[in-house]
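Same order as they appear, the protein sequences are chains Y and S. Here the UniProt record's numbering is used: the first sequence runs in plain steps of one and ends on residue 357. Here the UniProt record's numbering is used: the second sequence runs in plain steps of one and ends on residue 507.
One should not assume that every hint holds.
Claimed, not checked - Reference listing, derived: stretches of chain S covered by chain Y, where coverage requires no fewer than 3 residues with Cβ under 8 Å from a Cβ of chain Y:
1. 283 to 297
2. 342 to 349
3. 415 to 426
Keep in mind the hints are simulated off the structure, nothing from the lab. All C-beta atoms in this analysis are idealised placements derived from N, C-alpha and C, irrespective of residue type, glycine included.
Listed below are the residues making up each chain.
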Amino acid sequence: MNCGESARPGSPWFGGHPDGERAQCPCLAPPTAWDPQSCLLQFLYGQPVVWRLLCSDPGLNPAWPACPLTSGGFEQNAMTREELMGLNSAGPSGWLWSRRSCVIPAAFFTQNCVGMMFARGLKRKSAEEPEDVEGCSAGAQAMPSYSLQRQSLLDMSLVKLQLCHMLVEPNLCRSVLIANTVRQIQEEMTRDGTWRAVAPQAAGRAPLDRLVATDILCRSVREQEGECPAPDMGDGQPDLVPGLAVAPAAQAPRSPQSSLWEGDSSRESRGGFQKSLDQIFETLESKTSGSVEELFADVDSSYYDLDAVLTGMVGSTSSGPGSGLQAFASAATSPPSSSCRSDLGELDHAVEILVET
Amino acid sequence: PPSCWLFCSPLLPSPLTPALSPHRCHPPPSALSTPPSPGEGGEFRKQRPRGTQQGHHLQRNMAGAGGGNDIQWCFSQVKGAVDDDVAEADIISTVEFNHSGELLATGDKGGRVVIFQQEQENKIQSHSRGEYNVYSTFQSHEPEFDYLKSLEIEEKINKIRWLPQKNAAQFLLSTNDKTIKLWKISERDKRPEGYNLKEEDGRYRDPTTVTTLRVPVFRPMDLMVEASPRRIFANAHTYHINSISINSDYETYLSADDLRINLWHLEITDRSFNIVDIKPANMEELTEVITAAEFHPNSCNTFVYSSSKGTIRLCDMRASALCDRHSKLFEEPEDPSNRSFFSEIISSISDVKFSHSGRYMMTRDYLSVKIWDLNMENRPVETYQVHEYLRSKLCSLYENDCIFDKFECCWNGSDSVVMTGSYNNFFRMFDRNTKRDITLEASRENNKPRTVLKPRKVCASGKRKKDEISVDSLDFNKKILHTAWHPKENIIAVATTNNLYIFQDKV
Chain Y
1 MNCGESARPG SPWFGGHPDG ERAQCPCLAP PTAWDPQSCL LQFLYGQPVV
51 WRLLCSDPGL NPAWPACPLT SGGFEQNAMT REELMGLNSA GPSGWLWSRR
101 SCVIPAAFFT QNCVGMMFAR GLKRKSAEEP EDVEGCSAGA QAMPSYSLQR
151 QSLLDMSLVK LQLCHMLVEP NLCRSVLIAN TVRQIQEEMT RDGTWRAVAP
201 QAAGRAPLDR LVATDILCRS VREQEGECPA PDMGDGQPDL VPGLAVAPAA
251 QAPRSPQSSL WEGDSSRESR GGFQKSLDQI FETLESKTSG SVEELFADVD
301 SSYYDLDAVL TGMVGSTSSG PGSGLQAFAS AATSPPSSSC RSDLGELDHA
351 VEILVET
Chain S
1 PPSCWLFCSP LLPSPLTPAL SPHRCHPPPS ALSTPPSPGE GGEFRKQRPR
51 GTQQGHHLQR NMAGAGGGND IQWCFSQVKG AVDDDVAEAD IISTVEFNHS
101 GELLATGDKG GRVVIFQQEQ ENKIQSHSRG EYNVYSTFQS HEPEFDYLKS
151 LEIEEKINKI RWLPQKNAAQ FLLSTNDKTI KLWKISERDK RPEGYNLKEE
201 DGRYRDPTTV TTLRVPVFRP MDLMVEASPR RIFANAHTYH INSISINSDY
251 ETYLSADDLR INLWHLEITD RSFNIVDIKP ANMEELTEVI TAAEFHPNSC
301 NTFVYSSSKG TIRLCDMRAS ALCDRHSKLF EEPEDPSNRS FFSEIISSIS
351 DVKFSHSGRY MMTRDYLSVK IWDLNMENRP VETYQVHEYL RSKLCSLYEN
401 DCIFDKFECC WNGSDSVVMT GSYNNFFRMF DRNTKRDITL EASRENNKPR
451 TVLKPRKVCA SGKRKKDEIS VDSLDFNKKI LHTAWHPKEN IIAVATTNNL
501 YIFQDKV
């Protein structure tokens, strides 16, 4: 049996329960045992999460046969084995962890948000490098820089905003406080000139029901060149666009960028981020009817349809919050920037797929 | 969670539940209604002598009681399940004494209300005050499903407020996220017997056997406590209700959600007046929500509401129909040395309570309790640090969402001591006169009655002394969010996650 057959949606391939069951995908070499280290964190920002082990990206480990699930919509980017270090030591580096059935590149764990909890929650081998541990759980490691901490906080806040379970209406006070925190960070980063302002997306994109901010944030400046502003920026302020495409160096002219945030002009001038925050609140206000189907869907199978997630097929059946992002997952296959902030590119992919419907 | 539970069905009773005395409605019993274990004293009974509605307790001398530190607090009772595995429905979500202190109501996440009643003081054992035993328990709210939004409406009881007693029955308001209900709790200890046309069990007698005329008479029966919903105030709130407060006119009350405050008349359920609306025209511009609201205890035209930005607004309903413009704005300027990305979050006020006198109000934010004089708007008159040692841990607390915990606070009957909860099942009291404070723990380890509670101490940093607890070993899952103080005596009710502790001062 080849991997493709077993990896259909809803298949037991998604098994691999931490308490002893083995993953049943034949392309996954059976793990010898599930030790505590192979089952990752229990909590992600206050939300209980079960982590499962999936197949690794074959490109990274030639010994592993190809698995269509991982090569689907998930672009194999230039991750090297070294970039994956920091993952727990139970499996070979390169194993991918999934929250339920979403695929997350291992590199995501070396990033701020999850890496923080990761370092705190698990026993790590002393041989592992602690240098990618960031954020407030520094503990014995060296204190991360302020900007790294700030970036961690920003990422964490954005993930928190997305992770609210939509079965019950999310707590508005909490969402407002998190959104305000994000705004504060953004403003400060703008003042510092470290803010990668982002262009609103191209007109042809699928409408986004859910928070897209992270995706927008993580695009490198280079990708945005040439993109036109969103269609509702009717009076088109072209002087802002070059401002957006400014290189992230500190010498970036402040005024066009800051005017992006502080100007009193149209809502759109506050950039895609504000728009996304708006979308959060609109989502909080009213849910689309499509989500009813989600509620009644069987939680463990097609609801978290990995295939659909990766190929962006979910959008047709449900207009729920996540669907826009799924459409994104397929569309946004741009290669990560090779700038020094390559982590943003990976975060880009990671968070797109991370968000559940 | 499985989707099947969205369709409301009665909750399953807890296995610990005893057979309750007959109730008008048989709700799924909450774990709080379990009979006390032998160690807690008193057998489970519901009888209470008639005619002793109020005032059958000796008035303790509150003025003399020095307050938090001079009082020695003793364990009295604990209610609820013992096991560590907490059923979600048993999580206590609100605690409230009534105006005389004789009744203590709790609401839980499962939508149930359990009312405890203080026993008449035992003349023989004059060294102990009456214990609280279950008086009534009923299902106040059921889970609902909002079909338009495809969202579930939780049945969790957010707040309970008692009405002052006007006749033999007791009334309380209970609310979940969307609907407020007025409940009447009444006793029945007589029933008519000897009907002419009916048998005792209610079946009609065969007319041919009726040969004499007899008139039913009332005969005593076992005391039965009935709870019935008298009013349902629904469909007035788009957002989640966080507060209800009964006006001093005892005819109206307010209900506040995240963005709006409505004024109701207790008799009228199909209409309410919107008196505060802070919803922006564009939801994108939303940066502040209402977190709590309360009527002034004496002025029936005055109320306050607090916000997530740490401000309190006092409004006068005589000024205009829509009180969007405050009469007073209470806000303390930010301390620039303590500024961080979390400053706004920790300044968000989770509770506001007027003092009994009406001269002061108390606010609770994440790290502190502040007492405000209504005549001074620019800063509080007193500030008490509840758990300042958490300031360096704010990032982690943000990460695990604890920073959003909404702690409540309460005054004692004489407004000399204030109390609030913390983590690790600790709760704190601050004596406003002596400026002393004390930290106590609600745990079953001290559960011998009349055991004096030992003060606890958290070691912020450095060397940990004996008996101190270090910040890192605090259990942030054990939080005390809800506390209540008897209006006249030194009896406090402290709710941990699923247990209700009652402490008294040492007599």
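So, going through the hints one by one against the coordinates:
1. 283 to 297: holds (count 7)
2. 342 to 349: The restraint on the segment 342 to 349 of chain S holds, since 4 of its residues have a Cβ under 8 Å from chain Y and three suffice.
3. 415 to 426: violated (count 0)
Hint 3 alone, counting from the list given before, is not met by this structure.
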